[in-house]
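Trainee: Going line by line, the protein sequences match chains A and B. For what it's worth, this note's numbering labels the leading residue of the first sequence as 168, then goes sequentially. For what it's worth, this note's numbering labels the leading residue of the second sequence as 129, then goes sequentially.
These aren't lab readings, by the way, just hints derived from the structure by calculation. One or more hints might be untrue.
[Unchecked claim] Within a straight-line C-alpha distance of at most 16 Å, the following computed EDC-like cross-link-like pairs (lysine to aspartate or glutamate) qualify:
no.	chain 1	residue 1	chain 2	residue 2
1	B	Lys212	A	Glu493
2	B	Lys185	A	Glu343
3	A	Lys566	A	Glu493
None of the values given here were measured: they were computed from a predicted structure.
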Amino acid sequence: MLNYDLVVVGGGPAGMAAALKARECGVKSIVVLERAETLGGILEQCIHTGFGLHYFKEELSGPEYAAKFIELLEETDIEVKTDTMVVEITKENVVKAVNNIDGFVNYKAKAIVLAMGCRERPRGALNIAGSRAAGIMTAGTAQKYVNLDGYMPGKKIVILGSGDIGLIMARRMVLEGAEVKMVCELMPYSSGLTRNILQCLDDFGIPLKLNCTVIDIHGKNRVEGVTIAKVDRNRRPIKGTEEYVECDTLMLSVGLIPENELSRAMGVDLDPITGGPVVKENRETTQKGVFACGNVLHVHDLVDFVTLESQTAGEGAAKYILGLEEEENTVATKGIDGVRYVVPQMINTNCGSDVKLYFRVGQVYNNAKVFVESNEKVILSRRKPKLTPGEMEDVVIKKEVLETLPVGSELVIRVEV
Amino acid sequence: MNRELTCIACPVGCPLVIELDENNKVVSVTGNQCKRGINYAETECTSPTRSLTTTAKVEGGIYPLVPMKSANPVPKGKMLECMKVINAVVMKAPVKIGDIVVKDILGTGVDIVATNICPEA
């Protein structure tokens, strides 16, 4: 058994930022365990730019953003174990990991940061009829083939789902000489950023078909085409609107799921909406000394916000390790009337700083007003010209306001049009 | 004449209203939250540009490819032509971030630079 102050599970942007912040706060022995052969996580294959505008005030590609943190880590004596798979975390904070050099190792930790990221919803989650032909893959898998391995996944592409990865891959495939026939989106709006719809679809004349889905996949050994159909308000295909589209590849960009197998197995409470752990403002889960940040907690739109959140978790873990935690005085947060979720789900009103609440809405709202209320009293309100499910929103609750909230009360965020 | 655009300078995506005179010169820009919106409106209405990111082959490296970007945006209409030039390039490992892959691509004055390392195998 190896003893560490802090074990960080995952060496993507979340894990790196949390480890660096914990070190800055005075934590001595830290190890980062990473499944892949390099640090950086999914940023390594996100070769497009658009990262770092908030955090570094410059536009970087994914690998450049990651490299800045990798360099900072290399300047410290934080240990990094790549090619290392965590297989279990016990309630006693023992992290069990395996790699082909050290073999099977037990890491006993004072605190743990969960930073495992998320994975894509696969075909199996969609129940699309059709064969198991080659050529059906998630957009992220295609991104890895093209950007890291140097393989073209196909020549004629249909993309289902208009999440950002799907949009980015539409442009990428066109640049590499493929024909992207269309992007189909089940919902009446895209969940991707507007800038990506403009730069990745409109620039190349790729149609975005809203209220449209794939209902059948044709081909035996290789995809030969798909049948698409319009959907009604209940997202059911409308009879008579079916259309055959010839293609050799179907890419799926239909949502991301926080990867919480380890968290679930260790008994951390999960939020059914976010799919990630329930956390306090310092990103501590319901298990003492176990923190979570980044896409394992809730799916973020921008890595810049992952970095900021992970620094909060790193600082929280450091305070826990160094015995500097404040006395608990908890209130719960909750989203109602159009607000699907709020992170963090709990706030310690004694935490001594302002707290930023992140939330997402369930549909598109124009000229809406966001209210934060406690005991039906409005604490703050914000006018929002536009709210969409694809863009994470936030409100900041001032420290002075937090201190006035009754213990055990509920802080509610709601939308009004 | 007014033209409506969504700014793509950053993920905020400000809705811009651009007033143009008869020569398509920008008279005023509203709706932007920062200076980049004005710059975007001006280039988009006169000579639109885009950042280009792709990969190039590497020989003798631990990876088969290295990612790259245009150091500055290139003319929007020249993106596919730039791709042809970059796809013909074979880099030699080791590659460092910032290494120039193609200098002054297609005479645009823009360099194509590596955005990740590729150590020797």
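Trainee: For every hint, state whether the structure bears it out.
Mentor: To see whether the hints hold, each was checked on the structure:
{"no.": "1", "hint": "B:Lys212 - A:Glu493", "in the structure": "violated (59 Å)"}
{"no.": "2", "hint": "B:Lys185 - A:Glu343", "in the structure": "holds (13 Å)"}
{"no.": "3", "hint": "A:Lys566 - A:Glu493", "in the structure": "holds (14 Å)"}
In this structure, only the earlier hint numbered 1 is contradicted, and the remaining ones agree with it.
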